[in-house]
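From first to last, the protein sequence lines stand for chains A and B. So the number in the working numbering is just where the residue sits in the first sequence, counting from 1, plus 163. So the number in the working numbering is just where the residue sits in the second sequence, counting from 1, plus 163.
Derived by calculation from the structure, the hints in this document are not laboratory data. Careful, some of the hints might be misleading.
Copies of the same chain look alike in the list, so a pair counts if it fits in one copy or across any two.
Only pairs whose alpha carbons sit at most 25 Å apart, straight line, appear in this in silico BS3-like list of lysine-lysine [as the list claims (entries may be wrong)]: (1) Lys368 x Lys242; (2) Lys574 x Lys409; (3) Lys364 x Lys242; (4) Lys542 x Lys364; (5) Lys287 x Lys409; (6) Lys547 x Lys409; (7) Lys258 x Lys547.
Note that this is a predicted model, so its numbers are computed, not measured.
Number of protein chains: 2
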Amino acid sequence: MIAEIISIGDELLIGQIVNTNASWMSQALGKAGVPVRHVVTVGDDGEDIRSALETAMRRSELVLLTGGLGPTHDDITKKVVADFFGSPRLVTDQKVLEHVRAIFARRNFPMSPINEAQALVPEKAQVLWNAAGTAPGLLFEQDGKLCMVMPGVPSEMRHIMSEQVIPLVQQRVTDSVIAHRTIRTAGIAESTLFERLSPIKDVEKFARIAFLPNYASLDLRLSVHAPSRSEAASLIAAAEKIVLDKASEYVFGFDEDTIESVIGRWLTERRETLAIAESCTGGWVSNRITNVAGSSNYFERGIITYSNDAKVEMLGVPEEILREHGAVSEATARAMAEGARRVAKTTYGLSTTGIAGPTGGTPDKPVGLVWVALAAPNKTVTKKFIYTQDRLVNKERFSQAALYLLYSHLKKNA
Amino acid sequence: MIAEIISIGDELLIGQIVNTNASWMSQALGKAGVPVRHVVTVGDDGEDIRSALETAMRRSELVLLTGGLGPTHDDITKKVVADFFGSPRLVTDQKVLEHVRAIFARRNFPMSPINEAQALVPEKAQVLWNAAGTAPGLLFEQDGKLCMVMPGVPSEMRHIMSEQVIPLVQQRVTDSVIAHRTIRTAGIAESTLFERLSPIKDVEKFARIAFLPNYASLDLRLSVHAPSRSEAASLIAAAEKIVLDKASEYVFGFDEDTIESVIGRWLTERRETLAIAESCTGGWVSNRITNVAGSSNYFERGIITYSNDAKVEMLGVPEEILREHGAVSEATARAMAEGARRVAKTTYGLSTTGIAGPTGGTPDKPVGLVWVALAAPNKTVTKKFIYTQDRLVNKERFSQAALYLLYSHLKKNA
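When you get a sec, could you build the whole thing from the sequences and use the hints?
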């Protein structure tokens, strides 16, 4: 079974929002053994939706549409799809109507005729129950192929996918399994790693391999299509072994692992603790650390010292260091990391101080400059980097530099 | 001129990465007056790329492809596109080759034959210079239509778009202008706002209007297609006036405005300052505040007190409050906000304390519970919310609740 996703909405075509729905749906379908071969985005335009649907129903066995099921005038998907499947007559679904009424009653919002209209369903469609919102999902079947329509609100789409679509799809998929494994590396260039793994056909005897560079890391994705789960697993294992034999020193994790989740695992195992002192990253390093469930076991506190006063008062950075070297300097980064470790009584103190931009740079200290420091029990290490002109890219890269400094230290001292 | 985007990469189809390139490109094209009508995603598969390119060259005047131009074996786009345009012979572009060599020399990385191959260009293609990386962009022209191919690495694609593609496109677009205006609202349901603006045709006499609900706000997007910039502007202005006349009390900003940028503007104007004390949000509130350029003018410090010790030591939260009410309580939220304001000597102190999950909930204090508090010069206000089971969604919603509390206070006391 091959799937196709049609994402509907002018807001996608003008770039106002990013299509996170399509990637979430692709992942969920992949886990269920159904590969997605096309993702097509069209606007709230009847003819474009119809044409995309026609192409999709011709070349794919499962077609999922999202978007344009809301209550307002710009939501036209239901009508277009109903017409396409020769079911223009809409009938009220009493169970959906009661559900919509109950939602409005609970929220204490006034209910209006356009909300009642959400319970209207094309005669030939089956309802895909949406407990998370007012617009029901719809299922059409034609020539043994399935077409399912869902709202574009991410939480509602995810709910219908998990509760309705995936179980329905799984009933029909019995023939094959798709499996992926991502090997995450850092500290090596794409072409160097490629050569290290050459000849690549040694790996590809077992699994397809793709190179996926990111800002500060490089992922290798292994993919297999096999008749059973166990065969898929052994193909992946064989390919993975070759990669690890040739390049294990650059591998920091697998699949969902992140630098921060690996750090978290190690700190938990070693019963060590962490305090963070941030300036230019403004909370982004601490936020990444606390995105990991269970981080309260090792993350004691974060101190975002945007002002010099805060650096002196909360971290004990000596005023003469700020005066002589400036807030963005190796000496300040060191004093911040050591100060965080001291006041929080943690195993490690990690700090960032730099110029995120877009303004505030000087010839000596340009926008993009950052100093990061790690205070460990027996020593403090510092590093300097110069990145870009873009504030948000800098916050990301600065935080990655700080976390990588901690990661490298933990790895070396394992 | 109508544009179409073809995004290439298995990593997109399996949902491993989100297609942020397509939204960025759509925005850039829209500003240049070129609407995107289709975005199509296909995998690293020669036949699927060729078929998508054929459809696109038939129905669109400008076709932009990204992805699959890297140095490794899974990058096949250059070959497929060259064949499609009848230009299979590749020739070395000396200028590109020197550029690739210079990049490797600067990075002090060893250079290999697969890197040299990046300078091979189809005979009929024109190079779109890529100063940001090693893979050149390519331009093909056929029957008056343009096809441009770029790497999928976001920073390289953006560079080629800004420096090469947009200027080329602008030379050809003289016939019309597209304009959008987003009106950002909060605190009102989609259907209620729809009715308030009814009859919607009063607005649509001037501009198309779309309703775009987000997690914690609701955007209205006005769109026009007009012969000139000035006509577009006056149509937008007329539509905007109708919306503001009917619903201005729910409008917090326009276009790129966010709650945090509006807060920043007001604090700067009033010369007021802010300190933040976070628990469950782990730095996310401070990070949002510091994403705004110029936030160092009003953001003094952020204190992430993940442990009880940190709450007592850094914010002066009384130990008996923690003992009697617990860390997640109205009393603790209040003491945190007041403590942040006191130690940082700022106009405002803003705090969050809650249970982000996935574990740590109790019957009395479930996962998703948050207390937020704002300490202002004459009073402290608190609010309680219960959101979801998802850690990252909770961090987002908790932070939005805290920022909205500050926003509302600043608005009321303008």
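Verification of the supplied hints:
Taking the shortest Cα distances, Lys368 and Lys242 sit within 25 Å of each other only across copies (23 Å), while inside one copy they are farther apart (49 Å). Taking CA atoms no more than 25 Å apart as the test, Lys574 paired with Lys409 passes inside one copy only; the shortest distance there is 19 Å, against 60 Å between copies. In this assembly of identical chains, Lys364 and Lys242 lie within 25 Å of each other by CA distance solely across copies; the values are 20 Å between and 50 Å within a copy. In the homo-oligomer, the alpha carbons of Lys542 and Lys364 never lie at most 25 Å apart, since the shortest distance is 45 Å inside one protomer and 69 Å across protomers.
Taking identical chains as interchangeable, the C-alpha atoms of Lys287 and Lys409 are never at most 25 Å apart, the minima being 57 Å within one chain and 40 Å between chains. Proximity of Lys547 to Lys409 under the C-alpha cut-off of 25 Å is found in neither arrangement, the shortest distances being 30 Å within a copy and 54 Å between copies. With identical chains, the CA atoms of Lys258 and Lys547 are never at most 25 Å apart, being 62 Å at best within one copy and 32 Å at best between copies.
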